[in-house]
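Novice: Residue strings, one per chain:
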Amino acid sequence: DQQVKQNSPSLSVQEGRISILNCDYTNSMFDYFLWYKKYPAEGPTFLISISSIKDKNEDGRFTVFLNKSAKHLSLHIVPSQPGDSAVYFCAASGDGNKLVFGAGTILRVKS
Amino acid sequence: DVKVTQSSRYLVKRTGEKVFLECVQDMDHENMFWYRQDPGLGLRLIYFSYDVKMKEKGDIPEGYSVSREKKERFSLILESASTNQTSMYLCASSFGGAPHNSPLHFGNGTRLTVT
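Protein chains in written order, with my numbering: chain A, 1 to 111; chain B, 1 to 115.
Watch out, some of these pointers could steer you wrong.
Said to hold, decoys possible - What follows is a set of in silico ranges between Cβ atoms, one per label pair, in the way DEER data are often shown:
id	chain 1	residue 1	chain 2	residue 2	range
1	A	Asp55	B	Gly63	37 to 43 Å
2	A	Asp59	B	Arg111	28 to 34 Å
3	B	Ile60	A	Asn67	28 to 34 Å
4	A	Lys54	B	Gly16	48 to 54 Å
5	A	Gly83	B	Val12	31 to 37 Å
6	B	Val12	A	Gln2	28 to 34 Å
7	B	Glu22	A	Gly83	30 to 36 Å
8	A	Ser69	B	Asp28	37 to 43 Å
9	A	Ser74	B	Lys3	44 to 50 Å
10	B	Gly96	A	Asn67	29 to 35 Å
11	A	Gln14	B	Ser80	32 to 38 Å
12	A	Leu11	B	Ser80	39 to 45 Å
Simulated from the structure, these hints should not be mistaken for lab results. Computed from a predicted model, the values in this text were never measured in an experiment. Cβ atoms here follow ideal geometry from the backbone N, Cα and C, with glycine treated the same way.
Sequences and hints are given; from them, build the entire structure.
Specialist: Written out as structure tokens, the structure reads:
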């Protein structure tokens with residue numbers, strides 16, 4: 001049973017618009033959440049994280065929102081750029097649980 | 001910048017062979033990890049290590065073993081490779097403390113094909 005789900009396998013967005021990537025989790029003990037970005041032929045790179053004591057964390061064009069009651073987090077990229085085209089993984093951990101990754105969402109930003 | 005280096009980008013091995021995947025990190029990180037990435041399944045943890053000679057099973061350890069004789073090096077061993085171990089293997093490291101509560105630094109991966 002997947003504890004972290006990214007229900008959209010892919011997303012296509014126009015350059016300059018907002019990209020919203022979604023992630024749902026089932027384990028209420030998760031308290032630390034991360035997003036990673038992966039380009040082809042490279043390893044994932046850490047993008048942004050959020051702990052459960054916050055509901056929002058911002059870093060430049062990237063903002064992560066956490067809705068604990070809905071067990072949902074999202075990554076907003078504004079404005080989207082062609083270089084943002086990659087696979088995005090969300091991940092969660094907490095209460096001694098190992099980090100669990102979602103299946104990933106392929107983002108394509110069209111110029 | 002943290003550098004995690006995996007010794008091979010591509011490997012092709014035969015069923016039943018013993019396979020070694022090597023990983024070295026240069027930032028004195030305590031924690032090291034081996035994941036495999038498969039389409040539709042994301043990244044799944046095979047083994048991790050929080051100190052030299054220490055190892056812990058991840059979510060899918062069956063068919064694998066690991067070795068950490070030095071802090072900077074973490075090896076993944078497939079004792080007898082099988083076709084269902086064809087995958088992308090990713091090594092990662094992180095600072096000390098809770099192994100699962102700090103960002104991971106990944107290598108570029110090894111694409112292993114078992115025929």
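Novice: Is the gap between the beta carbons of B:Val12 and A:Gln2 within 28 to 34 Å?
Specialist: At roughly 30 Å between Cβ atoms, A:Gln2 and B:Val12 fall inside 28 to 34 Å, so the hint holds.
Novice: Do the beta carbons of A:Leu11 and B:Ser80 sit within 39 to 45 Å of each other?
Specialist: 40 Å, holds
Novice: A range of 30 to 36 Å was offered for this pair. Does it hold for the Cβ distance of B:Glu22 and A:Gly83?
Specialist: 31 Å, holds
Novice: Look at the Cβ atoms of A:Gln14 and B:Ser80 and judge whether their distance stays inside 32 to 38 Å.
Specialist: Between A:Gln14 and B:Ser80, where Cβ atoms are some 50 Å apart, the hint is violated.
Novice: Given the range 28 to 34 Å, decide if the beta-carbon distance of B:Ile60 to A:Asn67 lies inside it.
Specialist: Holds - the Cβ-Cβ distance for B:Ile60 and A:Asn67, about 30 Å, lies within 28 to 34 Å.
Novice: Take a look at whether the Cβ-Cβ distance between A:Ser69 and B:Asp28 falls inside 37 to 43 Å.
Specialist: Holds, at about 40 Å.
Novice: Taking 31 to 37 Å as the hint, is the beta-carbon distance of A:Gly83 and B:Val12 inside that range?
Specialist: 32 Å, holds
Novice: May I ask you to test the hint 44 to 50 Å on the CB atoms belonging to A:Ser74 and B:Lys3?
Specialist: With Cβ atoms ~31 Å apart, the hint is violated.
Novice: For the pair A:Asp55 and B:Gly63, does the Cβ-Cβ distance stay inside 37 to 43 Å?
Specialist: 41 Å, holds
Novice: Look at the Cβ atoms of A:Asp59 and B:Arg111 and judge whether their distance stays inside 28 to 34 Å.
Specialist: Since the Cβ atoms of A:Asp59 and B:Arg111 sit about 31 Å apart, the hinted range of 28 to 34 Å holds.
Novice: Taking the CB of A:Lys54 and the CB of B:Gly16, does the distance hold inside 48 to 54 Å?
Specialist: 50 Å, holds
Novice: Measuring from beta carbon to beta carbon, are B:Gly96 and A:Asn67 in 29 to 35 Å?
Specialist: Since B:Gly96 and A:Asn67 have Cβ atoms about 31 Å apart, the given range 29 to 35 Å holds.
When each numbered hint is compared with the structure, violations occur for hints 9, 11.
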